[in-house]
Amino acid sequence: MRWQGFSDPVQDGQRHFRRVLAAMAEPGTLHDAAATAVPEDAAIGPALWATLLSLCDLDTRLWIAPGLEAGGLADAVTFHTGCRKVATPDGADFALVTPATLVDPAPVFAEGSDAYPDRSTTLLVVLDALAEGGPWRLTGPGIPDTRGLDVGEATALMTRLAANRARFPQGLDAILGCGDCLAAIPRSTRLAGPVSATPEEDRTCTSQ
Amino acid sequence: MNGYNFAYLDEQTKRMIRRGLLKAVAIPGYQVPFGGREMPMPYGWGTGGMQLTASILGEDDVLKVIDQGADDTTNAVSIRAFFERVAGVETTTATAEADVIQTRHRIPETPLSADQILVFQVPIPEPLRFIEPSEEETRVMHALEEYGVMHVKLYEDIARHGHIATTYAYPVKVDGRYVTDPSPIPKFDNPKLHMSEALMLFGAGREKRLYAIPPHTRVESLDFEDHPFEIQAWDEPCALCGARDSFLDEVITDDVGGRMFVCSDTDYCQRRQEEVA
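Residue numbers (the working numbering), protein chains in the order written: chain A, 65 to 272; chain B, 77 to 353.
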């Protein structure tokens, strides 16, 4: 197997979970997750591979966007975690996607219901760039004032996540991975984009 | 560790709780159902908090456990000993030195920092439960943000007593959306929930619910314009350390009406006494 599991599944899984938890609790902060190596031809980086290893098991359903199976990811994730892969994203607990996956017509993900908003898909997003202090401004729980985030060319993703606010508590949570680097944007976060690219209704959502 | 997995719970259970925690953090104040496991202690002793602690705890973490602010009461001592035994982690009574603090009904007086996690033991996670016994109904009420009845309950307090008589488990609204039970902490601690530096996780073992208040989150205690939220105050300082800013317990000292007021947070009180000495 070229895809390696955690060398110490119990402790490494816990350590990585705490990174994801910290990323989710403080949206837009970057966390280093260089725990596990991935094959050279893989489409996902160590941060998201470790996230799959630490969160997926027999109880979870995973949807992998076309193009991301490179390097035998689908078989590897089954081998290491035993999670089920589903053909349609709306039945998935986790969906491995790129910003391009979310360009119209975007796949339909589970967003939960008002009574059970937790029954939603968590996006694991493969990014080409991820840095603090970018043009996207995040506010909301976990953010003292406002926090900037640079996600590269990912307008489709950010537009999709900005739309969360209008449907709260339903929505999609996103764990962002770029190589060894990890961040998260939960549905509670209000997003405002580079002024020119932001639709009017998104800005009113974030002004409260 | 004598044949137990690290921190007692099996890995699949931990992952289930961890996935629930991520959802809880993403939807602040919403109660996420989880598959609560039987723990080697009865419901009501902190099984919910223990399951969360077991799921987040790592071998490098330093754990502190308090019960009503005290490190040395039965519940705190036994849970601390439990994790020493099944996880082999270092424990402490010093608030500032702990990474994970499991608590029953208090928030430490020493301000928490950004790298700490506070885990609350919650008996009844549903703030509307005493008003509406049906889970199906309260779930719809949360879905529709139908919280008027909660204000009616607080108003009935005012009608009957002239002031809001709720003194603990005082309901809060998290980030302007979910009315949430802060667990039976005294309302004195409610302001510490607002814009906290530390992540706060809540676990209810019998009810199998977990929820979270992320750091830097707006938490308002419900009140009225003409009856604003107020915290408890005492006429005298702590009899042991002289603190005027901490939550005081009344201790009966004899059978002829003698009493003293002392800090409920034993670590805070001892540290202040050492500073004075």
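Wrong hints could be hidden among the right ones.
Unchecked claim - Derived coverage of chain A by chain B (criterion: at least 3 residues anywhere in the stretch with Cβ under 8 angstroms from a Cβ of chain B; other residues may be distant):
#1 93-107
#2 131-137
#3 193-207
As the list claims (entries may be wrong) - Label pairs and their in silico Cβ distance ranges:
#4 Gly212/A with Gly334/B: 54 to 64 angstroms
#5 Ala134/A with Ser154/B: 50 to 60 angstroms
#6 Glu173/B with Gln75/A: 17 to 27 angstroms
#7 Pro109/B with Pro103/A: 55 to 65 angstroms
#8 Gly197/A with Val225/B: 20 to 30 angstroms
#9 Gly212/A with Pro304/B: 43 to 53 angstroms
Note that these hints are calculated values from the structure, not bench results.
Even glycine gets a Cβ: it sits at the ideal position worked out from N, Cα and C.
These are the hints, each one checked on the structure:
1. 93-107: Since three or more residues must qualify, the claim that chain B covers the region 93-107 of chain A is violated, with 0 doing so at under 8 angstroms.
2. 131-137: violated (count 0)
3. 193-207: The restraint on the region 193-207 of chain A holds, since 4 of its residues have a Cβ under 8 angstroms from chain B and three suffice.
4. Gly212/A with Gly334/B: 54 to 64 angstroms: This hint holds: roughly 60 angstroms between Cβ atoms.
5. Ala134/A with Ser154/B: 50 to 60 angstroms: For Ser154/B against Ala134/A, whose Cβ atoms are near 51 angstroms apart, the range 50 to 60 angstroms holds.
6. Glu173/B with Gln75/A: 17 to 27 angstroms: holds (21 angstroms)
7. Pro109/B with Pro103/A: 55 to 65 angstroms: violated (38 angstroms)
8. Gly197/A with Val225/B: 20 to 30 angstroms: This hint is violated: roughly 45 angstroms between Cβ atoms.
9. Gly212/A with Pro304/B: 43 to 53 angstroms: violated (36 angstroms)
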